[in-house]
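Put together the whole structure using the sequences plus the hints.
Chains A and B, in that order, give the protein sequences.
Its first residue numbered 4, the first sequence is counted upward by one per residue in my numbering.
Its first residue numbered 56, the second sequence is counted upward by one per residue in my numbering.
Just to be clear, a hint being listed does not mean it is correct.
What the hints assert, rightly or not - Covered stretches of chain B, as calculated for chain A (at least 3 residues, CB under 8 Å):
{"id": "1", "region": "100-113"}
{"id": "2", "region": "124-134"}
{"id": "3", "region": "440-446"}
Unchecked claim - Calculated Cβ distances over 10 Å to all of chain A for the following chain B residues:
{"id": "4", "residue": "A59"}
{"id": "5", "residue": "L75"}
{"id": "6", "residue": "R82"}
{"id": "7", "residue": "L202"}
{"id": "8", "residue": "D215"}
{"id": "9", "residue": "W467"}
{"id": "10", "residue": "P504"}
{"id": "11", "residue": "L531"}
The hints are simulated quantities; they were obtained by calculation from the structure and are not laboratory data.
Yeah, the Cβ is synthetic: ideal placement off N, Cα and C, and Gly gets one too.
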Amino acid sequence: MTVLYAAVGAGIVACALYMILSRNLVRMLLGLSLLATGVNLLLFLAGTTRSQQPPIIAEGVKTLQGGPDPLVQALILTAIVIGFALTVVLAILVLRAWRSSETIDARDVDAAESLGPPRPRDPIDV
Amino acid sequence: MSDAVLLVLPVLLPLAGAVLALLLRTRPALATASGLGTAVLLALASLLLFLRATGGGAVPVTVFGGWPRGFGIGFSAALPGVLLVLVTALVTLAASIYAIDDIGPRRRRAGYDALMLAMVAAVNGAFLTDDLFNLYVWFELALLGALGLLTIDRRVAQIDGAIRYATFAMLAATFILIGVAMLYGVTGTLEIRGAARALAGRPPEAATAIAAALLLGGFVLKSGLVPFHLWLPASYHTAPTTVAAVFAGLLTKMGLFALLLIFAGVFGVTAGGAPQLVPLFGVIACATMIVCVSGALAQTDMRRLLSYHVIAQVGYMMAGLALATRDGVAAAVFYMVHSIIVQANLFLGAGLIRRASGSWDLTRTGSLMRREPLFALLFAVPVLSLAGIPPLSGFWAKMIVIRQSLDAGMAWIGAVALFAGLLTIVSMATFWSDACWKQARGPTQRRLPASGLLAMALLSAATIVIGLAPGWLWGLARRSAQMLALIP
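Structure, rendered in structure tokens:
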């Protein structure tokens, strides 16, 4: 079971990394949100998948017996929320780029880079 | 005030200020006042916490929700963190003074004050937390605040810069999250102390090695070290001056603080932990110093030039960690404090030069020494300090890193640091003479605002104080290294 989970998680992360390498900004955005999903699966695996019982301590017992780790489930919830927030912000940025420059090709979104070559020759120096 | 209250104040105060500023953002004057007022209160609270934490006695610790230690998320005022909280408060104060004239009503209405305070709260949270997952959360919150600040004018260049920044930072965050998850799988705890205790003396295994590599990759990306440095000069220069100054001061150092916490603290490199990774640190540090200083030499746009210097300086701190000795880590802490103050000050100075001459391009600036002698003097302090001229803080910081590299038998790191230092002197000397000494060609002449000069004076004074009394800070840095190493 653990190997299966790990393989699926690794597969999702590999697909996500492939998509992030794309020049299409929307595909890159989808890749990043897929990556967050893959990581959540790996996070789930860190808590060991040894049992399907709910993580509730039985009456009269001091410790959790045989249940899965409840902490990682809380962590996954937090990670989902954070991943969602960041994906939304990035989506807004991509939308804004599309509206202002009519393109989602990363090569054409270069307003920050195109300051011109460093040390241009000043006309007065010539 | 009790420890628990004092510990959360550096996070709670800016968050409360952010809420207030958000409510008042339609009235720019009130928003400015709430930003400035919060910065002053934050400085006082940080100073109180700092005095309490370094005044002897046990380190103040609190665990939220009344859980016993090791079960809940906790904050502790351990040393490098609490020192950095104080420096953060200083930079925030200087930035909010500078912002009086730099950030106009349009940016205030867009939520500048709220975003800035929220980001500062997240930075403070990362410096104080005791929990690995919580560290990740603070990094993400700081990123969200930073993205808002970066795109505050909604210019095309800012959107472009923010897309680059966001993509790289989200990728880094994912690496960090997998790393934290794997560490949790191995050690069964997220508390930094507990994880360090569980890893101490454990033979290396695949899971810890992968976790260490992922955490290294993630935080190296966050701190802008080579080979993941290109996002920083591509995005920082699009931000408003005040924002760029705070980014340059705080964000990369936050990444480096996490590297110190993870590798000096959890993996215990100073006690012989993670021996296979340590040589890589040296390579990263040396590559960063050389590549980024060379990048800075090729630039004439002031913001780009300074962005390259920001990362080059992080290279020096990484060199301290790469020595894998306790004094090496102390050197990194000393360098971090010096660098936060100086980098923020340099960006503030560049903003004033732009104001006076109307251009970010160094080929079009000049004449400031005659027109604004006070500014030329104030600006000379961070410039000379970054170049490493005695008796300013940069000289001691560089000297300590190089000295420790000789003591640790890794003279090649020291040699690279010296060479990069030479190139930094060249770059900084050209910078200052282009801005202040050279005869300006353009007719543009605007007076500089007093608030900008006051903010620079505050940071320059801090640089001079560290330069004149380095022993005090070195003592704190050594205690920090000791605390990091003794975490188990």
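Against the structure, the hints come out as follows:
Under a criterion of three residues with beta carbons nearer than 8 Å to beta carbons of chain A, the stated coverage of the region 100-113 of chain B fails, only 0 such residues being counted. Taking a C-beta to C-beta cut-off of 8 Å, the region 124-134 of chain B contributes 0 residues in contact with chain A, too few for the three needed, and the coverage statement is violated. Coverage of the region 440-446 of chain B by chain A is violated [criterion: at least 3 residues with CB-CB distance below 8 Å; count 0]. Remark: the non-interface label on B:A59 is consistent with the geometry, its nearest Cβ contact in chain A lying 23 Å away (cut-off 10 Å).
Non-interface call for B:L75 relative to chain A: holds, since the shortest CB-CB distance, roughly 22 Å, exceeds 10 Å. Look at B:R82: its CB is around 26 Å from the nearest CB on chain A, clear of 10 Å, so calling it non-interface holds up. Not every beta carbon of chain A lies more than 10 Å from that of B:L202, the smallest distance being close to 6 Å; the non-interface claim is violated. Distance check on B:D215: its Cβ comes as close as 4 Å (rounded) to a Cβ of chain A, failing to clear the 10 Å threshold; non-interface status is violated.
Look at B:W467: its CB is around 30 Å from the nearest CB on chain A, clear of 10 Å, so calling it non-interface holds up. Interface exclusion of B:P504 from chain A stands, the closest Cβ pair being 26 Å apart, more than 10 Å. For B:L531, the shortest C-beta to C-beta distance to chain A comes to about 33 Å, beyond the 10 Å cut-off, and the non-interface label holds.
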